[in-house]
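K.L.:
Here is how the chains run, residue by residue.
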Amino acid sequence: MPTAIDYEYDHSLYGVEHESGPFDVTPEIIATYTRSVGEDNPIFTDADAARAAGYGNVVAPPTMCALFERGELPDIKLQFGRRQFHGGQRVEPRAPVVAGDRLTASSHLKDVYTKTGRSGTMVHVVWETTFRNQDGTVVAEVQRSQVVRE
Amino acid sequence: MPATAKLYFEDTELGDEIGPIILSVTDEQVIDFCSLWGNPHPNRFTDQAEAERVGLDAPIVPGIMSMALVSRALTDWAGPGVVSDLDLVFRGSVPHNQPLHVAFQISDTSQQDGLNQVQCDITMTGPVPDRPYIIGTALLTLPSRE
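Residue numbers (our numbering), protein chains in the order written: chain A, 1 to 150; chain B, 1001 to 1146.
Just so you know, these hints were derived from the structure itself, not from any lab. Be aware that one or more of the hints could be misleading.
Here chain A is said to cover these stretches of chain B; the calculated rule only asks that three of the stretch's residues, wherever they fall, bring their Cβ under 8 Å from a Cβ of chain A [claimed, not checked]: (1) 1019–1033; (2) 1057–1066.
20 Å max Cα-Cα, derived DMTMM-like pairs, lysine to aspartate or glutamate [unchecked claim]: (3) A:K110 with B:D1085; (4) B:K1006 with A:D6; (5) B:K1006 with A:D46.
We put the beta carbon where it would ideally sit given N, CA and C, even for glycine.
Take the sequences, apply the hints, and build the full model.
P.N.:
What follows is the structure in structure tokens.
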């Protein structure tokens, strides 16, 4: 069960939005992304197929926004642990992202909690990021959980 | 009906098991992905020595790339544009150049407010099925034949 955290960290980060971007979604980024994960559906690889399906241009796969988080988030100055790893990720696509879009990101610290299991205590640091396109439309909500352990 | 539809709500049933869909990732694919992510080669995801330096046995597939692979498997099964929520927990290191078994099981279906939705449990495993690399859930919003 998650429990409240006993370790010190920078609580002033709660309630503060951290803006980043803009991130240009180019056809080249989408092509490299789809090639690297073997995503071959034509709406992700062929602009004509995407337009025939009703999109404005070749479409970015639904989890591609997560690329743009890229560690630009502040250090929470957690007084615990030395090793960390990526513990989880959640993506809620809200609207299509297509080549030519320009995205911005707004992130905030959502939660910090501990879990203790067989391998000891781990602290989960959860950031939530909202991505918007050039029209202000929310295109994705992304949560990233970073886990810190002793 | 969307031109891209592969799976319709009426084709799904609670308890349906899909897969495993077997994928693998080469070293070159991980290097390409990391270059997009602002994490150029060499790093712990792409290079043996860098991986060992941080206590790993071998380079691993980044979490967000593993998520992209799960998303691809969902597209392969259900078609593009249907994922409304994908929530994954990374339980183990995902290796390069090894078969990755992605499986889905439908855990809930609902039709409400004009939305046809299917909830799936997700696993990604290697050769040992009871030690998953990834577990999670997906919410899909599917077209209807009606």
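K.L.:
Does each hint hold? Answer for all of them.
P.N.:
We went through each hint and held it up to the structure:
Using a Cβ-Cβ cut-off of 8 Å, 6 residues of the stretch 1019–1033 of chain B lie near chain A, which meets the minimum of three, so the contact claim holds. With 4 residues having a Cβ less than 8 Å from any Cβ of chain A, the stretch 1057–1066 of chain B passes the three-residue criterion, so the hint holds. Distance check on the hinted pair: A:K110 and B:D1085 sit about 18 Å apart at the alpha-carbon level, within 20 Å; holds. For a cut-off of 20 Å, the pair hint linking B:K1006 to A:D6 is broken: about 49 Å separates their Cα positions.
Only pairs whose Cα atoms come within 20 Å are accepted, and B:K1006 paired with A:D46 is accepted, the gap being roughly 18 Å.
In the structure shown, a violation is registered for the earlier hint numbered 4 alone.
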